[in-house]
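K.L.:
One letter stands for each residue in the lines below.
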Amino acid sequence: GENVEQHPSTLSVQEGDSAVIKCTYSDSASNYFPWYKQELGKRPQLIIDIRSNVGEKKDQRIAVTLNKTAKHFSLHITETQPEDSAVYFCAAKEESGGYQKVTFGIGTKLQVIP
Amino acid sequence: GAVVSQHPSRVICKSGTSVKIECRSLDFQATTMFWYRQFPKQSLMLMATSNEGSKATYEQGVEKDKFLINHASLTLSTLTVTSAHPEDSSFYICSASGHLIPNTEAFFGQGTRLTVV
Numbered sequence: 385g386e387n388v389e390q391h392p393s394t395l396s397v398q399e400g401d402s403a404v405i406k407c408t409y410s411d412s413a414s415n416y417f418p419w420y421k422q423e424l425g426k427r428p429q430l431i432i433d434i435r436s437n438v439g440e441k442k443d444q445r446i447a448v449t450l451n452k453t454a455k456h457f458s459l460h461i462t463e464t465q466p467e468d469s470a471v472y473f474c475a476a477k478e479e480s481g482g483y484q485k486v487t488f489g490i491g492t493k494l495q496v497i498p
Numbered sequence: 051g052a053v054v055s056q057h058p059s060r061v062i063c064k065s066g067t068s069v070k071i072e073c074r075s076l077d078f079q080a081t082t083m084f085w086y087r088q089f090p091k092q093s094l095m096l097m098a099t100s101n102e103g104s105k106a107t108y109e110q111g112v113e114k115d116k117f118l119i120n121h122a123s124l125t126l127s128t129l130t131v132t133s134a135h136p137e138d139s140s141f142y143i144c145s146a147s148g149h150l151i152p153n154t155e156a157f158f159g160q161g162t163r164l165t166v167v
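For the protein sequence lines, the chains are V and U, in the order given.
Going by this note's numbering, the first residue of the first sequence is number 385, and it counts up by one from there.
Going by this note's numbering, the first residue of the second sequence is number 51, and it counts up by one from there.
For the record, the hints were derived by calculation from the structure and aren't laboratory data.
Glycine included, every Cβ here is placed at the ideal spot set by N, Cα and C.
Treat the hints with caution; some may be incorrect.
What the hints assert, rightly or not - Below, simulated BS3-like cross-link-like pairs (lysine-lysine); rule was C-alpha separation at most 25 Å, straight line:
#	chain 1	residue 1	chain 2	residue 2
1	U	Lys64	U	Lys116
2	U	Lys70	V	Lys426
3	V	Lys406	V	Lys485
4	V	Lys421	U	Lys91
5	V	Lys493	V	Lys441
6	V	Lys485	U	Lys64
7	V	Lys442	V	Lys452
8	V	Lys421	V	Lys485
9	U	Lys70	U	Lys105
10	U	Lys91	V	Lys485
11	V	Lys406	V	Lys455
12	V	Lys406	V	Lys452
13	V	Lys485	V	Lys426
14	V	Lys406	V	Lys442
15	U	Lys91	V	Lys426
16	U	Lys91	V	Lys493
17	V	Lys485	U	Lys70
18	V	Lys406	U	Lys91
19	V	Lys485	U	Lys116
20	U	Lys114	V	Lys485
Said to hold, decoys possible - Just so you have them, the derived chain U footprint on chain V, three or more residues with Cβ under 8 Å:
#	stretch
21	415-429
22	487-498
To be verified - Here are the simulated distance ranges between beta carbons:
#	chain 1	residue 1	chain 2	residue 2	range
23	V	Thr453	U	Asn120	36 to 46 Å
24	V	Lys441	U	Val53	20 to 30 Å
25	U	Val53	V	Gly425	11 to 21 Å
Construct all of the structure, not just a fragment, from the sequences and the given hints.
P.N.:
The structure is reproduced here in structure tokens:
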């Protein structure tokens, strides 16, 4: 089955600096890669996603890159703000012919220091 | 985004009793629902995947007779924790996705904090 590894597990950055979280996956059949932000006690919220036919996607301060050959994808947050502090999860999803399977990374606790 | 409602948000039950958790998609047809368990400061562990009208597919190590999943309609899936024990205490969260658009995100419910005493 799919195995998603995520690192680092914790990350502290100064406000205004950039943060990068990296994930690798093992199953080449995975074709959709969402990133979720989970604040304490709340549900995970999708912040950005990328499909396997795209190499990079950007949404304001957030960007995601995907290298299908190497089977890794990364989340980049620029100009970090204190409200970016949360746990971030990457995931790899395989979806084909009505079959779906989602595997999450272990999560990265991001702390943005004012 | 789409709305997924999970109920109850918190439940305390006695050891040996059963607890039912509901997951509803309010504004879309959820052909697939996922049930996760999340331990404190840990990731989401997929327990099972259910497709409407079919039996759920359980992940390795998850007891299907203990965690009963029903996905009888395109808007409702339920997870019943049977004969609950203190070690079943955890945060359970569902997510739902549809097939209208391929490779779409799964929308999460708000989660259920289960405490077995």
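K.L.:
Please go over all the hints and tell whether each is borne out by the structure.
P.N.:
Evaluated hints:
1. Note on U/Lys64 and U/Lys116: the hinted pairing holds, with a Cα-Cα distance of about 16 Å set against a maximum of 25 Å.
2. For a cut-off of 25 Å, the pair hint linking U/Lys70 to V/Lys426 stands: about 20 Å separates their Cα positions.
3. At roughly 21 Å between alpha-carbon atoms, V/Lys406 and V/Lys485 fall within 25 Å of each other, so this suggested pair holds.
4. Taking the CA atoms of V/Lys421 and U/Lys91, the gap is about 13 Å. The hint holds against a cut of 25 Å.
5. For the given pair, V/Lys493 sits about 22 Å from V/Lys441 by alpha-carbon distance, which is consistent with the 25 Å threshold.
6. For the given pair, V/Lys485 sits about 33 Å from U/Lys64 by alpha-carbon distance, which is inconsistent with the 25 Å threshold.
7. Taken as a hint, the V/Lys442 and V/Lys452 pair is honoured in the structure, with Cα atoms around 17 Å apart against an allowance of 25 Å.
8. With a C-alpha separation of about 20 Å, the suggested pairing of V/Lys421 with V/Lys485 holds against the 25 Å cut-off.
9. In summary, the hint linking U/Lys70 to U/Lys105 is supported, as the alpha carbons are separated by about 17 Å, within the 25 Å threshold.
10. For the hint pairing U/Lys91 with V/Lys485, the CA-to-CA distance comes to about 23 Å; that is within 25 Å, so the pair holds.
11. Of the pairs offered as hints, the one joining V/Lys406 and V/Lys455 holds, with about 11 Å between alpha carbons and a cut-off of 25 Å not exceeded.
12. Proximity of V/Lys406 to V/Lys452 is assessed by CA-CA distance (about 14 Å); at most 25 Å being required, the pair is judged to hold.
13. Under the criterion of a C-alpha separation no larger than 25 Å, the hint pairing V/Lys485 with V/Lys426 is consistent with the structure, at around 23 Å.
14. For the hint pairing V/Lys406 with V/Lys442, the CA-to-CA distance comes to about 16 Å; that is within 25 Å, so the pair holds.
15. The suggested pairing of U/Lys91 with V/Lys426 holds, with an alpha-carbon distance near 13 Å, which does not exceed 25 Å.
16. Between U/Lys91 and V/Lys493, the direct Cα distance comes to roughly 9 Å. Compliance with the 25 Å bound is thereby established for this hinted pair.
17. Restraint check for V/Lys485 and U/Lys70: satisfied, since their Cα atoms lie roughly 24 Å apart, inside the 25 Å limit.
18. Among the hinted pairs, V/Lys406 with U/Lys91 is consistent with the structure: their alpha-carbon atoms are about 19 Å apart, no more than 25 Å.
19. The straight-line distance between the Cα atoms of V/Lys485 and U/Lys116 is roughly 21 Å, inside the 25 Å bound, and the hint therefore holds.
20. Restraint check for U/Lys114 and V/Lys485: the C-alpha separation of about 18 Å stays at or below 25 Å, so the hint holds.
21. Counting residues of the stretch 415-429 of chain V whose C-beta sits closer than 8 Å to any C-beta of chain U gives 8, which meets the bar of three, so the coverage hint holds.
22. Coverage of the stretch 487-498 of chain V by chain U holds [criterion: at least 3 residues with CB-CB distance below 8 Å; count 6].
23. Between V/Thr453 and U/Asn120 the Cβ separation comes to about 41 Å, which falls inside the hinted range of 36 to 46 Å.
24. Look at V/Lys441 against U/Val53: about 24 Å separates their beta carbons, and that is inside 20 to 30 Å.
25. At about 19 Å, the beta-carbon gap between U/Val53 and V/Gly425 stays in the expected band of 11 to 21 Å.
When the structure is compared with the earlier hints, a violation turns up for hint 6 alone.
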